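Trainee: Take a look at the letters that make up each chain.
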Amino acid sequence: MLDRVTDKRRRFVAPALALAVLLGGCSDDSDDEPATPDPPSRAGAPTIRQQPVGLDVKIARLSGHLPKAASRDLTNRLGHVVATWFEGGFLAGDYPRQRFSGYASFTPDAARLARRDAAVTSNVQFGSRWTQVVPTRQRVRLFVFAPGHRPSGASADVQLVMVGAGSGGTASELAVTGQLYLTKTASGWRIFGFDLQRSVGEPGSFAAHLRATRDKQPAEPKADDTKPKQQQKKSDDKQRRQRQEARR
Amino acid sequence: MTTAKFAVLMRHARRVVVLGVMLALVAVVIPDSGRQRFDASLVKVDGVSGLDTDPGVVWILALGSDARPGQPVLSSRADTIQLVGFNPRTGYATIIGVPRDSYVDIPGYGRNKINASMVYGGPQLMAESVANAFGIAPDYVFTTSFWGFSRMVWTMGGVRVWSQHSFAERLAKIHRGWNQLNGVEALVFVRQRHQLPGGDFDRSRNQGRFLIDGLRRALTVTQDPGALERLLYTFVGQTDIDIGPVELYRLSRGVLRIDPSKVKQCVIGGTTGYAGGASVVYPNLSQAHDIARRAGRDGRLEGGC
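Sequence order for the protein chains is Z and F. For reference, each letter of the first sequence is one residue, going 393 to 640 in this note's numbering. For reference, each letter of the second sequence is one residue, going 76 to 380 in this note's numbering.
Because the hints were derived from the structure by calculation, they are not lab data. Quantities reported herein were computed from a predicted structural model and do not represent experimental measurements. Heads up, the beta-carbon is just placed ideally off N, CA and C, and yes, glycines get one too. Mixed in with the good hints, there may be bad ones.
Examples of chain F residues toward chain Z, derived with CB under 7 angstroms [stated by the list, open to error]:
{"no.": "1", "residue": "G122"}
{"no.": "2", "residue": "G125"}
{"no.": "3", "residue": "L126"}
{"no.": "4", "residue": "D127"}
{"no.": "5", "residue": "P300"}
{"no.": "6", "residue": "G301"}
{"no.": "7", "residue": "R305"}
{"no.": "8", "residue": "Y308"}
{"no.": "9", "residue": "V311"}
{"no.": "10", "residue": "Y324"}
{"no.": "11", "residue": "R328"}
In isolation and in its complexed conformation, chain Z is listed as follows (with noise of 0.2 angstroms):
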């Protein structure tokens, strides 16, 4: 699996570069920057209108029991953390930069796997050459396995999705989704794994697609749903009788 999207990913990265060493050096030597901009590294740069969207998080599924506030304090540190990789590899500090610090809220080694990543798991890629970033979505959903009373791991499901302005009037959409894998360790909850994509298009292009996915999901039910309650209670029914048969 690992292979097949280091492959994607070199497909990808060789026109990204072109891209990039193209648009860096357009803006750089154009004549048309004003000689004393203010401030420096946003002169000439579009503002964007949209206004930015917070964090919104929540539990989706809960395995397990908690009380309400346990609950209500474990979505607050699981957004935490969520929002600390949001913020440092995305969100927060000045426009353009190329260094992101995005990864505190990782173990050890799925920050040195990340940092691998870091087209990905950061705005590397981009930050250079914007000059202002909006998110326009920071969704995430959580689902959390607590078996005993005890929150012991979860899967957030994340979107965030963020516009950016660059030098000479570009704006383009950068959306990042996918999975993030939290843990308790000795230093509290944090992201031991993920599985990432990465998505860009103009503004607005991730709403259309999420637009699009939600319309096709009533013709594609999931396989499980597709078997007849009739059929289904037949099987159960077999299921039953064997077990006691079993049992015998």
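We have chain Z already, so just place chain F on it with the hints.
Mentor: For chain F alone, coordinates are given in the frame of chain Z:
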């Protein structure tokens, strides 16, 4: 839409996007073009994954207890003895089947069938016997009962299993080829030996085969967000797992990194005979040590059994 068609469409889409990006690039570098936005639709352009796990091979000793209702699961003989070694970073895995009648040295108890270790000292002694005889020290021992096994299969919505042989019992009919099995039928599949030409060896092969097909099924049912957490919660209540939930969660995430197409299966060979009036298997220990050495590097077993 078929997978092939979808792949062709995706390749086409990628080409279109690259072309679109190049056009956008041209638009940016040519001053009078008037185009100032990326002209690309939303596509997946990149994907990465990583997991903080043990960099080496993790060995799990999977045991199916022979305990009948009311008998203690952890101190009854084991019908199923499978060693699963995997490397979460590479996705490679090797499954080694140990015939349950293997006649070996049990530390502190002399020579006996390996599954007697469970009666003398539970999973811990079983792990020691396996390490002593075959040169593989399991990191974890996973023990389940008949009922626990059936429930696990039932929770996953059944498992589609390949069988090399046909056989029929009161509770299940197994055909040569693919079989969709529920929990009870799966139990029949992994326990049957009398109707198999290779007896205990074929049974062990079926158990390994079931683990591979079960893994494939587990990968499917855990694709949805939250599915693993839900499954684990169910399993915790049905299976004897001698590790904490945090470790269990991390281990499970590691197991899901196994690529079924990178799994090799072997059954330790041997000769049958009698010891103290009981039918036993004298395992081929040099073969076992050789497999352990090769698979122990990164989970990959090259060169076959």
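Trainee: Does each hint hold? Answer for all of them.
Mentor: Here is how each hint holds up against the structure:
no. : hint : verdict
1   : G122 : 4 angstroms, holds
2   : G125 : 3 angstroms, holds
3   : L126 : 4 angstroms, holds
4   : D127 : 4 angstroms, holds
5   : P300 : 4 angstroms, holds
6   : G301 : 3 angstroms, holds
7   : R305 : 5 angstroms, holds
8   : Y308 : 4 angstroms, holds
9   : V311 : 5 angstroms, holds
10  : Y324 : 3 angstroms, holds
11  : R328 : 6 angstroms, holds
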